[in-house]
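Trainee: Residues 1 to 207 in the UniProt record's numbering are what the sequence shown lists, from first letter to last.
Calculated directly from the structure, the hints in this document are not laboratory data.
Check each hint, because a few of them may be wrong.
[What the hints assert, rightly or not] Within a straight-line C-alpha distance of at most 16 angstroms, the following computed EDC-like cross-link-like pairs (lysine to aspartate or glutamate) qualify:
no., residue 1, residue 2
1, 69, 126
2, 63, 126
3, 69, 23
4, 69, 111
5, 69, 132
6, 63, 43
7, 34, 20
8, 34, 111
9, 69, 30
10, 69, 112
11, 63, 94
12, 34, 112
13, 200, 112
[What the hints assert, rightly or not] Just the calculated beta-carbon pair ranges, DEER-fashion:
no., residue 1, residue 2, range
14, 159, 81, 39 to 47 angstroms
15, 108, 157, 49 to 57 angstroms
16, 180, 93, 29 to 37 angstroms
17, 204, 65, 40 to 48 angstroms
18, 159, 50, 35 to 43 angstroms
19, 204, 125, 40 to 48 angstroms
20, 87, 58, 33 to 41 angstroms
21, 58, 125, 54 to 62 angstroms
22, 26, 187, 44 to 52 angstroms
23, 191, 125, 23 to 31 angstroms
24, 77, 173, 19 to 27 angstroms
25, 26, 84, 12 to 20 angstroms
26, 207, 38, 40 to 48 angstroms
Glycine residues also receive a C-beta, built at the ideal position from the N, C-alpha and C atoms.
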Amino acid sequence: MVQKKDGDEAKRRGRPRAYDPEEALRRAMDAFWKSGYSGTSLDDLSAATGMNRPSLYAAFGDKRSLYLKALAYYWQVALGTMRADLAQDRPLADSLMRAYEGALSIYFSGDDRPRGCFVVGTAVTEAMEDAEIRESLMTGFLEFDADFEARFRMARDNRELREDADPATLATLATAVMHTIAIRARSGTPRADLAEFARKAVSAICG
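Throw the hints in and build the complete structure from the sequences for me.
Mentor: If you want it as structure tokens, here you go:
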């Protein structure tokens, strides 16, 4: 009986520690978000996720692979939030403002300081040297443009915009506003000021 108990205890000690993959990925993303790709070490990632290096590698691959997974996860969250806001049955200006308010909630989600956009803050510099990160960047931005364009096209069809309004151009402007508030959030501009800027931008875009 004693031997069986000891054997069971050894088996428990030998099992890999259980972890939540999404939670671990979110914590890794937070670590990259705070210090950037180059400034985040494997020890930082291990501490953030609560996983030792071998477990971290087994679950996500090397540091670059983990970053790419974190980047994909961020796109999923950011695009999902925006699509939910744009898809609601409300006037165009309200939909756009909801999308910007949703973005501001993400940009100001840091515990100690505004974090801005994960993509703008970490991926833009790495994209210069890494083709896969660059591709993720371009794909994500194009999806933002496409979602905005679809909403503007619907608004034009519903006569919320003039007949000669160009949905593609308006989408580029709307995405540019998103990038602007992301950069300014990280640089310290107060959230209330950015919300006011977004309201004025929406008013200008909607004519």
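Trainee: What hints, given by number in increasing order, does this structure fail?
Mentor: 4, 7, 10, 11, 13, 14, 15, 16, 18, 19, 21, 22
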